[in-house]
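**Student:** The primary structure of each chain is shown beneath.
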Amino acid sequence: MFSLLQEAATTAAEHSEDAAELVSQHGETAAHEAEAAAHAAEGATGMPQLDFSTFPNQIFWLVVALGLLYWVLSRIALPRIAAVISDRQGAITGDLMAAEEFKRKAREAEAAYDKALADARSEAQKIVAANRAEIQKDLDAAIAHADAEIAARTAESEKRIAEIRDSAATDAREVARDVTAELVRSFGGSVDENALDKAVDSRIKGAVQ
Amino acid sequence: MATEAQGEEAGLAFHPMDQFLVKPLFGDGPVHWYTPTNVTLWLFIIVIAITALLVMGTRGRAIVPNRVQSIAELAYGMIHKMVEDVVGKDGLKYFPYIMTLFMFIVFANMLGLLPKAFTVTSHIAVTGVLAMAVFLSVTVLGFVKNGTHFLGLFWVTSAPLVLRPVLAIIEVISYFVRPVSHSIRLAGNMMAGHAVIKVFAGFAAIAVISPVSILAVTAMYGLEVLVAFIQAYVFTILTCVYLKDALHPGH
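Line by line, the protein sequences give chains Z and A. In case it helps, my numbering puts the first sequence at residues 1 to 209. In case it helps, my numbering puts the second sequence at residues 210 to 460.
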């Protein structure tokens, strides 16, 4: 099958080559051009891939196209894409570093804030303690003052109570003497002042103490 | 003419290979080496399309890319990584060449799938030149970089001494078969897929079969889109593997 196709292709190729030669050599232009046209117009009889007469054409244009493409890619397209990709990589790296920097700053700011907060708290505590001490001092002073006053009042009261008690005792003694003297007198006795005093005193002493 | 007439008589016209014909763009003259043909047209459409994607698409040089620039960067990144992974850091010098190959093949394959398009990579002449270019440059590079040490590629030192000559013969044969398989794989895949689609499309002339035919063409088309990309990828990665062998011939 394959060999048959190849044979067909080679004969076709030879045929067209012959035609071209004849055209150039003898100038029997009309007849051979018609023949060539007929050959081109007819459908593919075998594999057009094995029609070697078209090989130089394909190879020539392929080399031209590939050369052009290689030039475009290596001079323009690929350096540009490489630059874009590396730019992007750079931008991403830069952004990441900036983000890292911002993160660090935020952390520092947080630390500073925490420190300020702690400072303020300790300061407040200090102030509270100072105030408390002051108040305590005032309070102590007030308490001492009040205590002193109370003591003074108490002393005064005690003195007055003592006075009252003394006067009461004296009064009681007087009354007791008078009553005793009167009793003795009414019983018809004579009142001995000294004996009366002694008796009343001893009785009162015993009663009181 | 004759086959066409016969086909029309039978009611079914199969011309699966007509799409591969190399025809002059202007007139019906013979195809000389310089004649602008449909091959020329499609080669330049490919070059313009790649330029549009990789040059126009990246015109903005945007840090945040738009869609076209994203695709361009994706292609760049994919091949760049492939070269780096397969060949190594020292292979990045040859990255523009490999990128050219990949972009050319993938665009040729994809644009060839457009209706009425001509698939340049379905021609053994085109893929043969691509494969021979890779083969020759890799071979020359291997000898230039490593001198005679490059021949160590064929002398498997890890094998027992008795086996080494046998292995060397096999290695040499496989080395020289490389450009053949490299080119025929690509051209064969492209040609077969397009021809099959054309045959299925030919069946659409029969009204009863036409729905099946359309379904089959659609399915084949989807498969061909996949094949178009995979073959470009395979061609490129094999180029990278060959390049690696040339730069580091030790197994």
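Hints in this document: simulated from the structure, not taken from any laboratory. Values in this document were obtained by computation on a predicted structure and should not be read as measured data. Built from N, CA and C at the ideal position, the CB exists for glycine as well. Heads up, a few of these hints could be off.
Claimed, not checked - Reference listing, derived: stretches of chain A covered by chain Z, where coverage requires no fewer than 3 residues with Cβ under 8 Å from a Cβ of chain Z:
1. 251-265
2. 366-377
As the list claims (entries may be wrong) - So these bits of chain A aren't anywhere near chain Z, every CB distance computed over 10 Å:
3. H241
4. M308
5. V329
6. I333
7. L360
8. Y430
9. L432
10. Y442
**Student:** Does each hint hold? Answer for all of them.
**Tutor:** Status of the hints after comparison with the structure:
1. Under the rule that three or more residues need a Cβ within less than 8 Å of chain Z, the assignment of the stretch 251-265 of chain A holds, with 8 such residues.
2. Beta-carbon proximity to chain Z at under 8 Å applies to 0 residues in the stretch 366-377 of chain A; the threshold of 3 is not reached and the given coverage is violated.
3. For A:H241, the shortest C-beta to C-beta distance to chain Z comes to about 7 Å, within the 10 Å cut-off, and the non-interface label is violated.
4. Against chain Z, the non-interface label of A:M308 is violated: not every CB pair exceeds 10 Å, the least being about 6 Å.
5. Remark: the non-interface label on A:V329 conflicts with the geometry, its nearest Cβ contact in chain Z lying 7 Å away (cut-off 10 Å).
6. Listed as a non-interface residue, A:I333 fails to keep its Cβ farther than 10 Å from every Cβ of chain Z; the least gap is roughly 5 Å.
7. With a closest Cβ-Cβ approach of about 30 Å to chain Z, A:L360 is found to remain outside the 10 Å limit, as its non-interface label requires.
8. With a least beta-carbon separation of about 21 Å from chain Z, A:Y430 lies farther than 10 Å from that chain, consistent with its non-interface assignment.
9. Its beta-carbon lying about 21 Å from the closest one in chain Z, A:L432 satisfies the requirement of being farther than 10 Å from that chain.
10. With 10 Å as the threshold on Cβ separation, the claim that A:Y442 sits away from chain Z holds: the shortest Cβ distance comes to roughly 18 Å.
The structure does not agree with the numbered hints 2, 3, 4, 5 and 6 stated previously, though it agrees with the rest.
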